[in-house]
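**Student:** Sequence:
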Amino acid sequence: MAQSEGIERLITILEEEAPHLLEKREKKERRVGLPELKNAKKGKVVLRFAPNPNGPLSFGHARGIVINGTYAKEFDGELILRFDDTDTSIKPPLLSAYEEIPNEAEWLLGFKPHRIIIASDRIDQYYSYARQMLEQDFGYVCNCSADEFRQFRIGKINCRCRGQDKNLNLQMWEKMLDGTYKAGDAVVRVKTGMELKNPALRDWPALRIQDTEKNPHPRKEIGSKYRVWPLLDFQSAVEDHLQGVTHIIRGKDLMDSTRKQTLLYQHFGWKYPETMYWGRVKVHEWGGFSTSQMRKDIEAGKFEGWDDPRLPTISALKKRGITADALRNFWIELGITQKDISVPLATLYSHNTKKIDDFAPRISFVRNPKEIQLEGDYPKSISVPVHPNVESMGDREIDVSNSKIYIESSDFGDAKIRLKGFADFDFDGIKANHVSTERSDKRPIVHWVSEDSKIEACLIFPDDGKLTRIHGVLEKNNYDIGTTLQLERIGYGIMIDKSTILFTHE
RNA sequence: GCUCGUAUAGUGUAGUGGCCCAUCAUAAAGGACUCUCAUUCCUUUGACCCGGGUUCAAAUCCCGGUACGAGCACCA
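Residues are numbered in our numbering as their position in the first sequence, beginning at 1, plus a constant of 414.
Wrong hints could be hidden among the right ones.
No more than 27 angstroms apart at the CA atoms, straight line, and that leaves these computed lysine-lysine pairs for BS3-like [claimed, not checked]: (1) K696 to K639; (2) K732 to K890; (3) K628 to K611; (4) K628 to K452; (5) K452 to K666.
It should be emphasised that the hints constitute simulated quantities derived from the structure, not laboratory data.
Whenever a hint applies, use it, and build me the whole structure from the sequences.
**Tutor:** Right, dumping it as C-alpha cells:
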C-alpha cells in the first residue's frame, strides 16, 4: 500500500485506526542500582548474610553485606547476620571475629544488622528438626564410610542403611549423641533419592560427628558440649525457615545447596525463599586468597595483622582510606550477575576518589628530598589554599625565611621551575635564583617543603605483597590521625601517625 | 564422568522480540580549566562467543557447538 498510495495514506489510516502505533515511544531509562527483588513486599523482607567467623571479613564478604543490607534497607526489611560456625576442625572459628564482624558490617552499611544469630547457640534447635526428620522417616542414620557412600552415589545404589526402620534410626541417633559412635562412624542423611539425576543431591548428609574433645569449639560456652554438628546445608535451611528469611542472595557455587535445601523443605512442608545468585569476583591485582590462608600467613608473621594494608580485608581497606561509601557503590554497580568476573582496583579507587577528593586537604610530601638554597628577593612567608576548590578550608602559611627548601630529587635538573604557590626560580646548581613571584612563563610546577616547616616523615606504599617505605619531608600540619590527605602530585594517603602516611591510591 | 550455570567495547554493566547502526561507568587517547601528574568538563576509540532455526522483525526465543566457571566434602 505504501508503494501504490504513498506513505501519507498509510499514516492517515493509522492515525484513524491505531494512533498509539505512531507515538514515539519514550526511550527506556537505564536501570540504576540493584535489580528488582522478586515477590518483595515493603516491610516484609528478611535477608541474611551468613559468614563463617573463621576470620574477619574480607573484600568479597562485603558484597554479601552490601547487597543484602541494601535490599533490606530499600524494603524496610531486616538483615540477619548469622555466624555459620558449625565446623571446629577444618575451618575453625576465630573468637575475635564474633566481635569484629558486626562492627565491620555496621561500618559498611551505616546501620547495625537487625538480628545476630550464632549457629553454635542453636544446636538444640537443629537436633529437634533432625529427630523430626528421623521420626517422619525422611532421614536416616548412615554408618557407611564416606568412601563407600561415594560409590553408592555414583552408582545410584541405595546403601544398606537407607531402608532401616525408623526406630533403629532413632536408636542410632542416640548413639551419635551419647558418644557411642565416634567422628566418622555415622551421619544423618536426608532421603532425597539415589536415582536423582544430579549426583550432588543424592541423599545428602545433614549432620555429622566431630571430635570436639580434640577440636573444641573456640567459644568457651560451647567448647566440647556437642559432638553432633549440623552441616551447612541442613543448618542453614532450618535456620532460614526459623527466622522467616524471604530472600537468599548468595554465590552461585551454592546453587546445588538451594536444590538440596528445597528437597528438605518439601519434606518439612515449608516454602523455600526466593533466591538470587552472583558469580565469582576476582580482583586483578589480588588474585586468589582465602581466609584460611591469610590466617596462616598472619600467624606465620608474613603480615602485620588482619589490617595489614596488603591484605584484602575490610579492616585493611578501611585502614588504607577506602570509604564504606566507595565499597558500597562499587558492589552495587557490579550488581548481581552470575558471570564470573575480574575487576581492576581502579574501579574501586575511582569510587573512592569521588568520595574523598572534596574533603582531602592538600599537603606537600617530598620524596627523596634534595636541598635547595633560595637566592634573591622573594616573599619570606606565603599562604596557599588547603584545597583549591574549597575556599572554606582556609589557607596554610609557610615560612621560608631561612631560604632552605626541599624538592623531589626527580624534579631536580630542570633549569627553570616554579615552586607551586610560591614563585619562579632559575637554577644554578643547588642554588635557585628568584625570577618572579607571579608566573612568568610555562615552566614546570613542582611541589616543595620548606626547611622551617618540615616534618621528617615516611610514606608507605602497599605494593605487590611488599610494604615500600619512602622517606621524605612532609609539610608540617595539625591533622588528626586517620585524616585522608591528598599529597600534591602523588595521590591520596591517610595519616596513620604524625610522621607516617599510608598511601591510599592515586 | 554426571549435574548445574554463564557468555554485550580492555574491564564491569543496562537491555526480557521492534525504541538498539545497543546504555552507563571505568580504563585508554586527545582537549578545556587549573600555580598538583588532583578535581571538574568536553571529544574520540571500542562490544552483542560461533553456527543453524523460529519470526515481517532476534543482543533478546529455540536447537547445536565452543569457551569459561561451579557442585558431586562426614568444609563453609
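**Student:** Work down the list of hints and note, for each, if the structure agrees.
**Tutor:** Structure-based check of each hint:
Our distance criterion of 27 angstroms between C-alpha atoms is broken by K696 and K639, whose separation comes to about 39 angstroms. Taking the CA atoms of K732 and K890, the gap is about 25 angstroms. The hint holds against a cut of 27 angstroms. Our distance criterion of 27 angstroms between C-alpha atoms is broken by K628 and K611, whose separation comes to about 38 angstroms. Straight-line distance between C-alpha atoms of K628 and K452 comes to about 46 angstroms, which puts the hinted pair past the 27 angstroms bound.
Note on K452 and K666: the hinted pairing holds, with a Cα-Cα distance of about 18 angstroms set against a maximum of 27 angstroms.
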